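Chain by chain, the residues:
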Amino acid sequence: MKIIVLVKQVPDTWGERSLDSATGALDRSAPDNIIDEISDRSLEVALRHKDETGAEVIVLTMGPASAAVALRHCLAMGADSAVHVLDDALAGADVTWTSSVLAAAITHEGFDMVIAGNESTDGRGGVIPAMVAEHLSVPHLTSLSEVHIAVDVVNGSRETDYGTLTVTARLPAIVSVTEQSPDARFPSFKGLLKAKKKPLATLSLSDLSINPETSFGSTGRSTITTVTRRPARTAGIKIVDSGNAGVELAEFLAAGRFV
Amino acid sequence: MSTALTLIEVSPSGEIRGSAKMLLAAATRLGTPVAVLSTTPGDHSEHVKQLGDLGAHHVFIAESTQTDSLLATPAVESLAAAFSHFETSAAVLVTNSVEGREIAGRLAVRIGGGLTIDAIDITLVNDRVVARNSVFGGAFDVESSIHGGPAVITLRQGSIDEEVTAHTPDLITITLSLTSVAAATITSRTEAPTDSGRPDLRGAATVVSGGRGVGSKEDFLLVEQLADALGAAVGASRAAVDAGYITHSLQVGQTGTIVSPQLYIALGISGAIQHLAGMQTAKVIVAVNKDPDAPIFDFTDFGIVGDIFTVIPQTIEALHRFRH
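Residue numbers (the numbering used here), protein chains in the order written: chain A, 1 to 259; chain B, 260 to 583.
FYI, nobody ran anything at the bench for these hints, they're computed from the structure.
Fair warning: this is a prediction, and the values are worked out from it, not measured in the lab.
Errors might be hidden in some of the hints.
To be verified - So the derived label-pair ranges between C-beta atoms look like this: (1) A:Ser209 x B:Glu274: 44 to 50 angstroms; (2) A:Asn244 x B:Val384: 49 to 55 angstroms; (3) A:Ala201 x B:Gly407: 51 to 57 angstroms; (4) A:Ser137 x B:Gly456: 40 to 46 angstroms; (5) A:Ala89 x B:Gly371: 17 to 23 angstroms; (6) B:Thr427 x A:Ser215: 43 to 49 angstroms; (7) A:Glu251 x B:Glu450: 37 to 43 angstroms; (8) A:Pro64 x B:Thr324: 32 to 38 angstroms; (9) A:Ser215 x B:Glu346: 23 to 29 angstroms.
As the list claims (entries may be wrong) - Here's a subset of chain B near chain A, in silico, CB distances under 8 angstroms, partners left out: (10) Ser356; (11) Thr444; (12) Leu480; (13) His507; (14) Gln513; (15) Phe561.
Backbone N, C-alpha and C fix where the C-beta goes; we use that ideal spot for every residue, glycine too.
Isolated chain B (complex conformation) (with noise of 0.2 angstroms):
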């Protein structure tokens, strides 16, 4: 059986990040799973017992002191070294985040792959590898098939969730050259705050979002306590962020992230067209506007016509009553 290669992503601290389980159970669809592992020399036992548990037969490790401070190509070199040593990988699968699919795109000019990129699904039909995607917003679903070459994927996160049988993987390190690479250098890096404790907002089962219609920085404290009582990610509204009422990586939309919850709450939102291409695909939405003409109630399954700053507080305190 061929290989299908997974590029894991670790945290600066060092943690494997979420993803990893995605990835090792989409590859292990398609072939034999192998999880490469981009980072700097160390003790790497125990990521290994972690991927194992994941579901990796291989744990391939490319070690270089510059895979911290070089842009995107550390993982580059990696994949292109996992995918000579084993011969037979037919698919290369990376999230589908800003560095993921740049990674995956240099990856696949390196090595003659096709590409897939923002995939929600993937199967293997006669050896060959199709991935679905979702396109214009949700508008559209999309089948696509790579022949010709190996198949380079990345994977929207969150897209995929099976549980894989738990191994004892086989070890490969190897120390990469990364001296006469084309490659950015990274000077500083902030990491963005995690500590919420809300949910990503990427895979998150209920969303609550904001829209200029809540006004201001401090009244956005309104959204996020409605996305706790729920134990929701919070997202914006591209109004919102432009306002400054919230940072620009919570932007659900055309330009931000699409996200397909469980449950999507609008408050405040009118319901543009580049807002809706980011969440429409959710599978209840609710809104609560003040204009009774939003458009955003032509696509909503309970819409409130109100003010979201005496609706939204009822709607907390009877949340907190049904509980008790």
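Same shape as in the complex, but just chain A (with noise of 0.2 angstroms):
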């Protein structure tokens, strides 16, 4: 079985986070820059697949040359082969841009299954795993807490925001984990090493026969036209409680007309 995990490098949410106030884009260039937990996870369900079966495991990301370190990240810990879309014509791209070029790169790979996680803790979408189903024609089966992959069905369990499905589906499917699913692995030492060795092979878009101009001129499109950093709060009344606060809190809250 050959397995694609979609792998995204974020700013980490520790670090500062910024827009560029003229374009609207994320900031890349913040020193910040690790792979998502969420891709971590996603990885590592694929990973407990191949330690079972013997699974190929292939990650693939879209982004900056920066986004290399995420790939070389992922395949010290057991991922078989990596696959880079770099082009400078994607900077900026949305989610309608990031999907087609995502499932044309899968394609271009050939798989059974997709794994992603079911958002990114930057763009907090959630809807490229779906978007990506589209494109190829497949089923999704998106924030599972549980996976169980089998010969040539997947099922698992499904959190939604008004309770829990069970759901299944053949073989091609994309599947997208939450941060339910087990933590990931560490790199071992050995893992490091040979990470270097394994293929880590770089597309452009001309690669994946795609001319933005003329694949994406028929489509809609978001821009941004306008970001406005909102003002830091600053902090209040701070009290430490000598056996009255909790009264003064409910009088706090009589006054703001919250009772």
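If you follow the hints, you should be able to join the two separate chains into one complex; please do so.
Below you can see the structure in the form of structure tokens.
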């Protein structure tokens, strides 16, 4: 079985995250770019299946040159090979472009199953797996807290806003996992050494036979028109409880008409 | 005038979900509002009347016996059918839920539309749909417009609340064929319990959340008691969810629900940046924490350094006194 895992490099939530005020694009030059935690978990799901069955695991990302670091990390964790879609024409790509390019790269590699995170910590859109599935005309089984992969079928438990569903689909299919799925393994020292010798292919848009003007010319696109930074919050009243703080809180709430 | 389509959510027991009001009010701003209902065959006259009361000019019902057993795709097919029926649709509006945004994503690919996710406001400017988003946990406000194709937009629940005029809607009913679609099959369904009587976390005016400092599943009752005293929704930090105090669906933060209430009360929550990203746009923030150096105190309008198990029972008692 051939499993493609979609991974993403994101700005560290713990660091400063910023948008370019002129273009509204994410400032990816910020120093703290890391692999998204949910990408690590997606890869873990694939690697567990590889441990059991010897499945082939390919990691795929679309991003600037620096994203290769995230792919090397995935190779060190145990992925067999990596594919990096890298093209200056993709700077500022919205979900419409991104899903289309990822689908083309997945088709280029060939697949039985695609695994992704349910949503990234930067964009938080949560739409890419379903959009890629539509491009590939395959089912999507998304937001899974548990995944069970068999020879030609995948099933799992899906968390939604209204409850839990158990879902199943024949392969090929696209799966996305939530942070409820197991913690990812750490790359071993041996893994780090091996990673250097594993294949990491870089694909441009022309390698995928995509010309942005003709391929995306007739589809709608969302573009950012204005970006405003909200003023930072400042601390207000802070008291140390000396026996009456509970009543003071109730008075504060009453004064604010919250009661 | 062009039409604006809305995807009406229906619960497994057949009730129209609360999001319909917001979607139809938003659609009214953009064009002639159309309610699209993806459902199993049956008598839908009560739904049609309800949707008319919420402002729908047209109700488009797409029926299939498989609607409840396939994941997301029946709704995609229903919207696509409505989109080709109403040739002039400028926008399609869907609730920003796990399922809603996937439906919107697949539909955008299908109809060549541009997609905006989790909008908190929409307007029509020079015939173009402009959406407003709050990103990075509310640190930035972003406005975007969709051009070159129809606009598919998911709207954050509770973001638009306005009254629109009731109508007696036209009804169109079609039968969907779902035999050859690529879709996952739903084998069982457990509806999350909604009998707590508390408001939904999304869209609640007041939220009371507990963190690791609450200490145990049993003691989380204290958080619920304060919530009930204030008519508030209950939330939790990821630490509390990971520790098993409370269900994942109530997690507030970067990877949980993002809330923007009038009042947010954090109990035993230190204020990790992932949590702040989910609540820092709240109008008023209150925190109680034993640790005077907890980062959350940098964001609070009213902070108490103290033990939640002595402070909060006192607050609940005082709140009851104020009422009587």
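Non-conforming hints, listed in increasing numerical order: The structure conflicts with hints 3, 8, 12, although it agrees with all the remaining ones.
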